[in-house]
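*Asks:* Protein sequence lines correspond, in order, to chains A and B.
Oh and the first sequence: position 270 is 284 in our numbering, straight run, nothing missing.
Oh and the second sequence: position 286 is 300 in our numbering, straight run, nothing missing.
Careful: at least some of the hints might be erroneous.
One copy or any two copies: either way a pair holds, since identical chains are not told apart in the list.
[As the list claims (entries may be wrong)] In silico lysine to aspartate or glutamate, EDC-like type, Cα no more than 20 Å apart, as pairs: (1) Lys57 - Glu149; (2) Lys73 - Asp125; (3) Lys219 - Asp232; (4) Lys48 - Glu74; (5) Lys20 - Glu277; (6) Lys236 - Glu86; (7) Lys272 - Asp296; (8) Lys328 - Glu74; (9) Lys153 - Asp125.
These are calculated hints, taken from the structure and not from any lab test.
There are 2 protein chains.
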Amino acid sequence: MSYTLKDIAKQANVSITAVSLVLNDKPCRISDEKKELIKQIAKENNYTPNINARSLVTKETKTFGLIIPDIENIFFSRLTKSIESYCRQAGYTLIIVNSNDEYEQDLYLIDLLLSRGIDGLFITFSTSAYKHEEELCAKLSELTIPYVLIDRFFNDFDCNKVYFDNTLGAYLATKYLIEQGHKRISCVVHSINSHSLAFRFDGYKKAMQEYGLEIKDDYIIKGNYHIESGYDAGDIIMRNNTTAVFVANDMMTLGLLKRLKEEGVRVPEDLSIVSYDNTLNDFIITLQLTSIEQNIANLGKKASDVMINLVQNKQSDFANICLEPKLVINNSVRNIVY
Amino acid sequence: MSYTLKDIAKQANVSITAVSLVLNDKPCRISDEKKELIKQIAKENNYTPNINARSLVTKETKTFGLIIPDIENIFFSRLTKSIESYCRQAGYTLIIVNSNDEYEQDLYLIDLLLSRGIDGLFITFSTSAYKHEEELCAKLSELTIPYVLIDRFFNDFDCNKVYFDNTLGAYLATKYLIEQGHKRISCVVHSINSHSLAFRFDGYKKAMQEYGLEIKDDYIIKGNYHIESGYDAGDIIMRNNTTAVFVANDMMTLGLLKRLKEEGVRVPEDLSIVSYDNTLNDFIITLQLTSIEQNIANLGKKASDVMINLVQNKQSDFANICLEPKLVINNSVRNIVY
């Protein structure tokens, strides 16, 4: 049995990508000492490169890869559709893989896509990747093809990225409630206090502080972006004496509306709501929600533009594109300015 | 420049897959005459097989491919999630591609996935493929890896397939309306009169005929499964003097509900509705729809089971699995039995 890249990687305690880069003399962030070790192991074991793998790496495939956390989530399925459509127009086929929001899968799928031959990689990494920032950044740094991070990124890691301004979105939502006369305002936000997931709480806080409004402890309700957590939030909101709530995603708003209906709480007469995503108004017949809208098609377009420029060598600096969400005003907020 | 499989295919006027099969002496449905021609062209042009492609075809990759028409459609994104999940459990990675519901893409993407190395192929082909039955069946017949058709298939083409009984679903929906006392019943169905898309109209017709009820011309309303066509159907239903309607998918029901609300028509007091898909009850707050439910997760599981049996050589005959939908009773139908 022949000795493979994987065997070398294991023995040298580095990634397969690292071994590939070193043996092909490509630029990478690996110490000279480690490089020497890798070459030595390869030599000692009579390693011969797999012609397959090498050929697939060097030739143009007119294909991009996309790693997303959850294809069933409407945000990601719309994003996928948009990227697929723009890349298709530019003559590229998109291969999609689903990480199941698992960090280990992010790493595995990067290698899988590389081994199948892609010209570029789009990735929205899993939420758990935030706990493995160093490892993932090292992996990405070693890539010899262009890659673009979408929607999620690490603050201190320079690379190509396209995302929405989540702080701004939450700020606009909360500010609108304040301008309509509300002073006691709850928020339902994600319970993970890190990176982009925390930005929406930051925006709420910024608006409240700007207007000198108090944020009591029980105004802050933690959820997980699923319907059930919005439903549960309803019980707290009905007891915390607030007149309005900013909900950080549409799924939680759906759950909240169910709970409120059960208790006969009317929107907006008894409680005002601003939601986030603006994906529900096709579905809810009785009410039109005021919400923060993110132009997902545009996110996909911008990411595709960046990638196509990269593979055509039309871009030298890292692209850092922050898209602005906007407030869409409907009838879920009551004006209580006297 | 070397002569490729593609060049031979072009000159012999056959598919690349056909050339590959013939030159590798694999079984295929190609005439001996054509086989001879292909070998002759290869010889004359000193064709040497690409080691890459051959290696990728013969070795196990632990990867399956999936071709779907529209990743943004909730039916397909749920199906994808289910297949991905079951294959993952069995140790296979799923590579997903989106055909944009275009027949030409079905053909192109089959070749693309083959060239990247997959052990098996899942496919839900585009609606336009029904107009190219012969060509697509020929293409599928030539495949040397297992494939499973999901949800859509050709009646006369023997292969592995997993799908729902659409005639039964529509029959159950219509029968329920009749049993609640309705005699004048509209249907909103897909306008394409072919194959699986027509089965839901067949089921409606079967129930109406079984109970000796008349189907007037204006009871049959054609739509395209999108919201707008359901909205437009509302105008016809308000004029055709029916007391109930069977709507063949949830998106059209959403549109219909919007139109009815605008005109003050109440459900179920003024009009009874049975829908299809049962995906809306998380979204609609004021009403719970009686609907036909298809267990999408189970569709994905069955398709995955078939594929895994195929690649493990545990199955010799073609699998032909027809899944039964079921009626979920809620409060969108009024009982008018006296």
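*Asks:* 20 Å Cα cut-off: does lysine 219 pair with aspartate 232 within a copy, between copies, both or neither?
*Replies:* within (14 Å within a copy, 57 Å between copies)
*Asks:* Under a CA distance limit of 20 Å, which applies to lysine 153 and aspartate 125: within one copy, between copies, both, or neither?
*Replies:* within (10 Å within a copy, 30 Å between copies)
*Asks:* Treating 20 Å as the Cα threshold, decide for lysine 48 and glutamate 74: within, between, both or neither.
*Replies:* Close neither inside one copy (30 Å) nor across copies (32 Å); limit 20 Å.
*Asks:* Give the relationship of lysine 328 and glutamate 74 under a CA distance limit of 20 Å: within one copy only, between copies only, both, or neither.
*Replies:* Intra 16 Å, inter 38 Å, cutoff 20 Å: intra-copy only.
*Asks:* With 20 Å as the alpha-carbon cut-off, assign the pair lysine 57 and glutamate 149 to within, between, both or neither.
*Replies:* neither (27 Å within a copy, 51 Å between copies)
*Asks:* At most 20 Å between alpha carbons: which applies to lysine 236 and glutamate 86, within, between, both or neither?
*Replies:* Neither, since 23 Å and 29 Å both go past 20 Å.
*Asks:* With identical chains treated as interchangeable, where does the CA-CA distance between lysine 272 and aspartate 296 reach 20 Å or less: within a copy, between copies, both, or neither?
*Replies:* both (17 Å within a copy, 9 Å between copies)
*Asks:* Between lysine 73 and aspartate 125, at a C-alpha cutoff of 20 Å, which is it: within one copy, between copies, both, or neither?
*Replies:* both (17 Å within a copy, 18 Å between copies)
*Asks:* Is it within a copy, between copies, both, or neither that the alpha carbon of lysine 20 lies no farther than 20 Å from that of glutamate 277?
*Replies:* Intra 59 Å, inter 67 Å, cutoff 20 Å: neither.
Going down the numbered hints, you'll see the structure goes against 1, 4, 5 and 6, while the others check out.
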